[in-house]
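These are the residues of each chain, in order.
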Amino acid sequence: MLWRPFFQLSDTFQDFYQRVFGTAATAAVLTHCKRELMHAVWMLLLDKDFLEAYVYGIVLQFADGIFRRVFLRFFTYAADYPEKFVYFLFIWS
Amino acid sequence: MNWHSTGSKLKSIGELQRLVNEVVNAPDFKQEDLADFSATREAARLDTHQDKKSPLFSAGDGWIERSVPISVPAEGVKHTSENAAPVFEVPGLYYRRIVEVVKGAFQEPMAAKYHIAPFKEFWKPSEDEPIERIYSEVFSSDAMISEHEKIKSEPRKCTLETVVASIMLWSDSTHLASFGTASLWPIYLFLGNLSKYTRGMPTSFAAHHIAYIPKVMYNLDAELVIIYIDALAAILSAE
Chain A
618 MLWRPFFQLS DTFQDFYQRV FGTAATAAVL THCKRELMHA VWMLLLDKDF LEAYVYGIVL
678 QFADGIFRRV FLRFFTYAAD YPEKFVYFLF IWS
Chain B
494 MNWHSTGSKL KSIGELQRLV NEVVNAPDFK QEDLADFSAT REAARLDTHQ DKKSPLFSAG
554 DGWIERSVPI SVPAEGVKHT SENAAPVFEV PGLYYRRIVE VVKGAFQEPM AAKYHIAPFK
614 EFWKPSEDEP IERIYSEVFS SDAMISEHEK IKSEPRKCTL ETVVASIMLW SDSTHLASFG
674 TASLWPIYLF LGNLSKYTRG MPTSFAAHHI AYIPKVMYNL DAELVIIYID ALAAILSAE
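Going down the list, the sequences are from chains A and B.
The first sequence begins at 618 in the numbering used here and counts up one residue at a time.
The second sequence begins at 494 in the numbering used here and counts up one residue at a time.
Hints are computed from structural coordinates only; laboratory data are not their basis.
Quick caveat, the model's predicted, so the values are computed rather than measured.
Treat the hints with caution; some may be incorrect.
Cross-link-like lysine-lysine pairs, in silico, DSS-like; alpha carbons within 27 Å at most [what the hints assert, rightly or not]:
1) A/K665 with B/K645
2) B/K596 with B/K643
3) A/K665 with A/K651
4) A/K651 with B/K571
5) B/K650 with B/K596
6) B/K643 with B/K606
7) B/K689 with B/K596
8) A/K665 with B/K523
9) B/K689 with B/K645
10) B/K689 with B/K613
11) A/K665 with B/K650
12) A/K665 with B/K643
Reference excerpt, derived from the structure (chain A facing chain B, CB under 7 Å, subset only) [as the list claims (entries may be wrong)]:
13) L654
14) A657
15) W659
16) L677
17) A680
18) G682
19) L689
20) T693
Here are the computed distance ranges between Cβ atoms for each label pair [claimed, not checked]:
21) A/V676 with B/P562: 16 to 22 Å
22) B/S501 with A/Q678: 47 to 53 Å
23) B/F615 with A/Q678: 30 to 36 Å
24) A/A680 with B/D529: 49 to 55 Å
Note that beta-carbon positions come from the ideal geometry of N, C-alpha and C, so glycine has one too.
Okay, chain A solo, but in the shape it has when bound:
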């Protein structure tokens, strides 16, 4: 099939699963793993530098030549994955 090559990476996940558990991963497990992956990625994105910038701000020189302390804040997150937002809430709470 022409489309098969696109799923090569996913095959390695199923291979891994087959080897470790002796069975194929179910749809529920795959959904869970997708969420785990998203959370793991956000753990990387919200690194130590980010947390420091969030709490203490970062000093930047602006276009007018003046230095100001900039605080990073999330205002919106538009995604096709609503569960992700729950993650933010528990990190900042």
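Dock chain B against the given chain A, drawing on the hints supplied.
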């Protein structure tokens, strides 16, 4: 002209002129270069093109490549803790540090257009009508105003003016790029400090790419389609 008026209707006169000027009449144009030309093959080569000197995700632009470990569960299998569960390393994540991206954004020429202090916007339709509050931008929203006030009023030794960088994130697994990265899942970052009228223009380059997540899991719908096609092929070949 026969070629122009047959086949696809999307060929414009301007593009036809460009084809003749820039390709056919080019001094280095040789017909024999195209002796065994295949459009499909060349397009596929473009898609898989990875130039070592200028990769799609260059480290010089702050891109970091790494794999992401996730703990994998199985139905009916118990582990003493999440750490004890088998770990699968998802390969091929590309990401940039958010702090560096925001720093970079504030140093671009576009930063001259950023709103660094939020405000309320009002409109009086006519002399006799009451004033109306306008809700339109992040920098005129109550959320931004209260965050700005909160940060400004926190006690700190530093006397510099404080600014809220309002981060807006987008991620859409169905929104795929056309070259090379088609199997990746992007997360974009925009700054609400820039007016939506500027931010919304593709030519403003206001989108900052912070991550491309590999799509490692089976897309179940696609898998079903493959099973269906395989079954169909089996039936057809049996007949």
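Each hint tested on the structure:
1. A/K665 with B/K645: Holds. A/K665 to B/K645 sits at ~23 Å (cutoff 27 Å).
2. B/K596 with B/K643: With a Cα-Cα distance of about 22 Å, the restraint between B/K596 and B/K643 holds, given a limit of 27 Å.
3. A/K665 with A/K651: At roughly 24 Å apart (the allowed maximum being 27 Å), A/K651 and A/K665 satisfy the hint.
4. A/K651 with B/K571: holds (20 Å)
5. B/K650 with B/K596: holds (22 Å)
6. B/K643 with B/K606: Judged against 27 Å, a Cα distance of about 24 Å means the pair holds.
7. B/K689 with B/K596: holds (20 Å)
8. A/K665 with B/K523: With a Cα-Cα distance of about 57 Å, the restraint between A/K665 and B/K523 is violated, given a limit of 27 Å.
9. B/K689 with B/K645: OK: B/K689 and B/K645 at ~25 Å, within 27 Å.
10. B/K689 with B/K613: holds (16 Å)
11. A/K665 with B/K650: holds (22 Å)
12. A/K665 with B/K643: Within the cut-off at roughly 23 Å; holds.
13. L654: At about 5 Å, which falls below the 7 Å cut-off, the nearest Cβ of chain B leaves the hint on A/L654 intact, so it holds.
14. A657: holds (5 Å)
15. W659: Where the cut-off is 7 Å and the nearest Cβ of chain B is about 9 Å from A/W659, the hint is violated.
16. L677: holds (5 Å)
17. A680: holds (4 Å)
18. G682: Since chain B brings no Cβ nearer than about 11 Å to A/G682, farther than 7 Å, the hint is violated.
19. L689: holds (5 Å)
20. T693: holds (5 Å)
21. A/V676 with B/P562: 16 to 22 Å: violated (34 Å)
22. B/S501 with A/Q678: 47 to 53 Å: Roughly 51 Å apart at Cβ, these two residues keep to the hinted range, so it holds.
23. B/F615 with A/Q678: 30 to 36 Å: holds (33 Å)
24. A/A680 with B/D529: 49 to 55 Å: holds (54 Å)
Checked against the numbered hints given earlier, this structure breaks hints 8, 15, 18, 21; the rest are met.
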